[in-house]
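So the chains spell out like this:
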Amino acid sequence: MWDVLIIGSGVCGAATARALARYDLSIAVLEKGSDVCYGASRGNSAMVHGGYDPDPGTNKAIFNVLGNRMFDDLCAELKVPFERSGTMVIATNEEEMEEVRRLHECGLRNEVETLVLDRPALLERWPDMGKGVVGALFCPSGGMVCPYTLVIAMCENAARNGVEFFLNCEAEKVERVEDFWRVTAKDGKVFDTRVVVNCAGTCADVFNNQVSEDRFKIVPRFGSHLVMDREFIPWVDTTITQTPTKLASGGHTKGMGIMPSVDGTVILGTDAEDYTDPDDVATTRRSIDRIVDYFKTFWKHLPISAVYPEFPVSGVITAYGGLRPHPDRDDFIIGEAPDAANFFNAAGIESPGLTAGPAIGEHLGKLIAERLSAKKKADYKPGREVLPTFRTMTDEEKSRAIAKNSDYARIVCRCEQVTEAEIRDAIRRPVGARTVSAVKMRTRAGMGRCQGGFCQSRVVEILCEELGLTPLEVTQSGGESFILTGSCCEHSFPEADEEEKA
Amino acid sequence: MKNVDLLIIGGGSAGLAAAAAAYDEGIRDILIVERSDYLGGILHQCIHNGFGLHRYKEELTGPEYARRSIEEVEKKNIPCLLHAFAISASADRIVTVVSPETGLLRIQAKAIVLAMGCRERSRGALMIPGTRPAGVITAGAAQKYLNLQGYLPGKEAVILGSGDIGLIMARQLVLEGIKVKEVVELMPFSSGLTRNIVQCLNDYNIPLSLSSTVIEIKGRSRVTGVVVAKVDENRKPVPGTEREISCDTLMISAGLIPENELSRSAGIRMSRSTQGAVVDQNLQTSIDGVFACGNVLHVHDLVDYVSMEGEAAGRNAARYLKGAARQGGFDRCIEVKEGPGVGALVPQYVDLSAAEGKIEFRFRPRGRYTGSEAVLLSGDEKIAAKRELIFTPGEMCTMSVDAAKLKNAQALRVEIRPVGQGVQE
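Residue numbers (the working numbering), protein chains in the order written: chain H, 194 to 695; chain U, 2 to 426.
Extracted from the complex, chain H is given alone in its bound form (with noise of 0.2 Å):
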């Protein structure tokens, strides 16, 4: 008997799992992908929002301005890179404008600080500011984190506390059994225990309506991104978005913006559009159309087209896709669901989700261990053991650590300046790497502009070499997904054994 299974292992299953690893309890993450981070938490914006624009007094405008406060701690205890690079709404007309006095307004009612700035006051800090810009509203407390990185530190600080994580396992059935909950997994498995922390991202609704009669509705609301190389990190220093727009279908997105990456990249994005298959990430033709041809128009605003005129397509390495979980109750649904004792909801963790999630695992942390009258270990270990990044370093960083580990001479990945030391580090943590996705997404190795075509082969064998695999068991993500299908000498020539036939 488990004391708490947790249902995914996005931003609030690992929030959650790490505030509930301080206690002496059993807890399990169920996660239907093959690594830890495999949904919302994945494929979205990495915005650290100000928390200025939720409606005051909604769970999104709580937990936004909450999350945000905890970034620098958090951050520097998992060691995530995180920058409060700021971001800015810009106003191109009047109206505009005056959306962005509403939303300062906004923010003063949930406390977020944020500057209303005509255009001399923003030429001041950003003279190529298009020409087109009347004013913007800049949020000093908004910032930029790494995703996956913050996720996968956090999974990697809750297991070192005995947290067990089991991946590839996907919670179908949840169900009363006497005084406790029986979480059945699709591929038989069967867990039990006292409580339930359902944070399935876009398929949290089926959990809740599996045992509660207070029913709600996610739909998937699916968005693209596009990513730039390096060169262009120089003139984007803030986050800049255009002012938010309505959405028809209820709620609303935060529009198109333009993101300096903590990893240096340049992100573009997003869209929005509404689906049904909660698993479709797939990049569509129309939603990556979207971001160009906003960007072609848009990208005259932007201070970096003082040096790049026009919107630089042949700069973009790649695309991504990811899907939020909008509710229909248009705010975070959190806490105990009403008529289902000890089981609790983290659902509809949409946009700014990323931002709310570490306060999100705190507060049903707490409401958990009260439940359970939950003692704090003795020998709690916070933060996690990581290799620093080698890319990150100064020169002399850089020789000490070759001195200390030679597997630190040795690049990957060139364009991300990956070495030898971090992927097998990345395989050897807790919650390790076991395919080439999870290296990538533990050490950027074949995340930069040659998309791995350079050093997949390496990884295949470093894996190899750490995992005692042969090449043809590795994975890009587990299940089926086999990166080669066969050895060159294993031929069979049919015509020629006929011939031996005969």
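Take these hints with a grain of salt, some might be off.
To be verified - Taking lysine to aspartate or glutamate pairs in the EDC-like style, the calculated list, with each CA pair at most 16 Å apart, reads:
no., chain 1, residue 1, chain 2, residue 2
1, H, Lys559, H, Asp196
2, U, Lys387, U, Glu416
3, H, Lys410, H, Asp523
4, U, Lys237, H, Glu503
5, U, Lys406, U, Glu389
6, U, Lys323, U, Asp25
7, U, Lys219, H, Asp196
8, U, Lys156, H, Asp472
9, H, Lys489, H, Glu503
10, U, Lys219, H, Asp472
11, U, Lys387, U, Glu374
12, U, Lys408, U, Glu336
13, U, Lys219, H, Glu673
14, U, Lys383, U, Glu416
15, U, Lys237, H, Asp486
16, H, Lys597, U, Glu102
For the record, the hints were derived by calculation from the structure and aren't laboratory data.
Please read these numbers as outputs of a predicted model, since none were measured by experiment.
Guided by the hints, dock chain U onto chain H, whose structure is given.
Frame of chain H; chain U shown alone:
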């Protein structure tokens, strides 16, 4: 800090030729820095033949061609640092290298030859929509698995791109027992050599679909198929022409991009047209004493030309070390512009004070032109011309011009224009 007269970054065809040529000019303090654990670069995985026809007047395989270049350097005992990755460079010619043998090493060079080669355009850069399954692979990566590691990257493939690499890999996949269902080409023509279309596609009954592209990738674990559509004259997919081809592999061979991150870190001026450094006729970049050659400068069609350009860069670097080459950036140079029909032009500057012998202008035609000539113009005056039966983007064009003819030149321009009734196809 290590000091060296000539530092060569990259031990592929360009770098090896540069090292050998500089040695022949009397330079002895040379160091080649190579990121792999062997010299010769990408040639080792190009096991097909067709290399060396221009330089050696015989037909070699990639590894054979590489062997000859390596032996040149070995004979001369030119030092090489293998498994060494140049992580950054500065404008004062200090290059930071890491290798297991040396750790982090800073090298101060009097002259540098950049010869880092190129990378392949990926699925991401092409922004092909769809899922992200295993089985989407570039031609070079497939070649590495097949020829260096002995593994098959798939069972049934569709190939995107019909340049020479795509064509040659189509044949090799067939020979390895992989079914090649179709080669898909965005342009209305293949940019590959005719002999490759005949020997690699026609001989194996592989269909080639022109004016077509892959508009979607399907499959959640491994590729299960791709959707191909016709494109219009603006290369936009035509609705209603979509068809799905089932396959487990999409092999992409859709162009090469010079790898200039190191050049950018040194602040070298770059060309948006070649995606390589801007150079003068001596292959000298905007930084004095830094030269570029091979695929890092502009993408070549034949390795022979890469080697020849490498030799030129090596000779010019030697002349620079002896005090005989340009100093002071492009200040005293005149610019050479790309006119109609001309792309990826090298060099972009001519240093008249140092102009002697022949100057070679290389470029890629932007389209297919018949009955046309390439001309070098100074203002409206035609200085040189070159006729071809056909100009095509797949073949790099070289125009050799007497330096003496450029004495009074100003505002140079290269363009492709009709001869008499010549028309653009």
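Evaluated hints:
1. Lys559(H) <-> Asp196(H): With a Cα-Cα distance of about 14 Å, the restraint between Lys559(H) and Asp196(H) holds, given a limit of 16 Å.
2. Lys387(U) <-> Glu416(U): Roughly 11 Å between the alpha carbons, so the hint for Lys387(U) and Glu416(U) holds.
3. Lys410(H) <-> Asp523(H): Since the Cα atoms of Lys410(H) and Asp523(H) sit roughly 10 Å apart, the hinted pair holds (cutoff 16 Å).
4. Lys237(U) <-> Glu503(H): This hinted pair is violated, its Cα atoms lying about 20 Å apart.
5. Lys406(U) <-> Glu389(U): violated (22 Å)
6. Lys323(U) <-> Asp25(U): Distance ~13 Å between Lys323(U) and Asp25(U) Cα, so the pair holds.
7. Lys219(U) <-> Asp196(H): Judged against 16 Å, a Cα distance of about 41 Å means the pair is violated.
8. Lys156(U) <-> Asp472(H): violated (27 Å)
9. Lys489(H) <-> Glu503(H): holds (7 Å)
10. Lys219(U) <-> Asp472(H): Holds: Lys219(U) and Asp472(H) sit about 14 Å apart, inside 16 Å.
11. Lys387(U) <-> Glu374(U): holds (5 Å)
12. Lys408(U) <-> Glu336(U): holds (14 Å)
13. Lys219(U) <-> Glu673(H): Holds, at about 14 Å.
14. Lys383(U) <-> Glu416(U): holds (11 Å)
15. Lys237(U) <-> Asp486(H): Holds. Lys237(U) to Asp486(H) sits at ~14 Å (cutoff 16 Å).
16. Lys597(H) <-> Glu102(U): holds (14 Å)
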